[in-house]
Amino acid sequence: EAQVTQNPRYLITVTGKKLTVTCSQNMNHEYMSWYRQDPGLGLRQIYYSMNVEVTDKGDVPEGYKVSRKEKRNFPLILESPSPNQTSLYFCASRPWTGTYEQYFGPGTRLTVT
Amino acid sequence: AQKVTQAQTEISVVEKEDVTLDCVYETRDTTYYLFWYKQPPSGELVFLIRRNSFDEQNEISGRYSWNFQKSTSSFNFTITASQVVDSAVYFCALKVHAGNMLTFGGGTRLMVKP
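Chains as they are written, first to last, in our numbering: chain G, 74 to 186; chain S, 67 to 180.
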């Protein structure tokens, strides 16, 4: 089944404790991206990657890191999480060309206390 | 820069009513793509439709229809004879052809009461 998976789905952590949210897709998509969803703000793009070893900042990259060492994986790293990073996070992927429809993962709800 | 505005933050209707969700976008690009996504209470994001800037033909899919008007930079979504299962948050989004990012509106929460 074609899908984007994220782990963990739920995470409660404390300020300053490094964490990684994994994202994997099995559709051989070139493009992958991370979004955060906050009430009233919709989804805002954090980082995206156009292919292996090619990443770029989105609208809200501060406090986040990403890497793209393999085509299928695109982990999101919070080196020192803060309470303002409490949010719902989505990973997405799509082919580089075509319809530009993005396939979203199930979401990761992160709480930073 | 691109911008998408969904002015209606919440709409409440009674089942079988028709409801229109508004989406207004801003871009200087002439080639772009508009999307609607649905987020049911379970939280996942479900793709509904994509529309190209050069195709202003309206589209109907069952009870759903979309009205794209470049003259007013709007891409509105109408649900006919709403059902409780339509209760969700709906997002409008924009991607310009020359760009790599997808810009979302703030979303409209639709509540359909029995």
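Think of the hints as simulated: they come from the structure by calculation, not from any bench.
Positions of the beta carbon are idealized from the N, C-alpha and C atoms, including for glycine.
Don't take every hint at face value.
Partial list, computed: chain S residues near chain G (C-beta under 8 Å) [as the list claims (entries may be wrong)]:
no.: 1; residue: Asp88
no.: 2; residue: Pro106
no.: 3; residue: Leu111
no.: 4; residue: Trp132
no.: 5; residue: Leu168
We went through each hint and held it up to the structure:
1. With 8 Å as the threshold, the beta carbon of aspartate 88 of chain S stays out of range of chain G, its nearest partner Cβ sitting at about 14 Å, so the hint is violated.
2. Because the beta carbon of proline 106 of chain S sits about 12 Å from the nearest beta carbon in chain G, more than 8 Å, this interface hint is broken.
3. Because the smallest distance between the Cβ of leucine 111 of chain S and any Cβ of chain G comes to about 4 Å, under 8 Å, the interface hint for this residue holds.
4. Taking 8 Å as the C-beta cut-off, the interface hint given for tryptophan 132 of chain S is violated, the closest approach to chain G being about 15 Å.
5. Hint status for leucine 168 of chain S: holds, given a least beta-carbon distance of 6 Å to chain G, under 8 Å.
Consistency note: the structure conflicts with the earlier hints numbered 1, 2 and 4.
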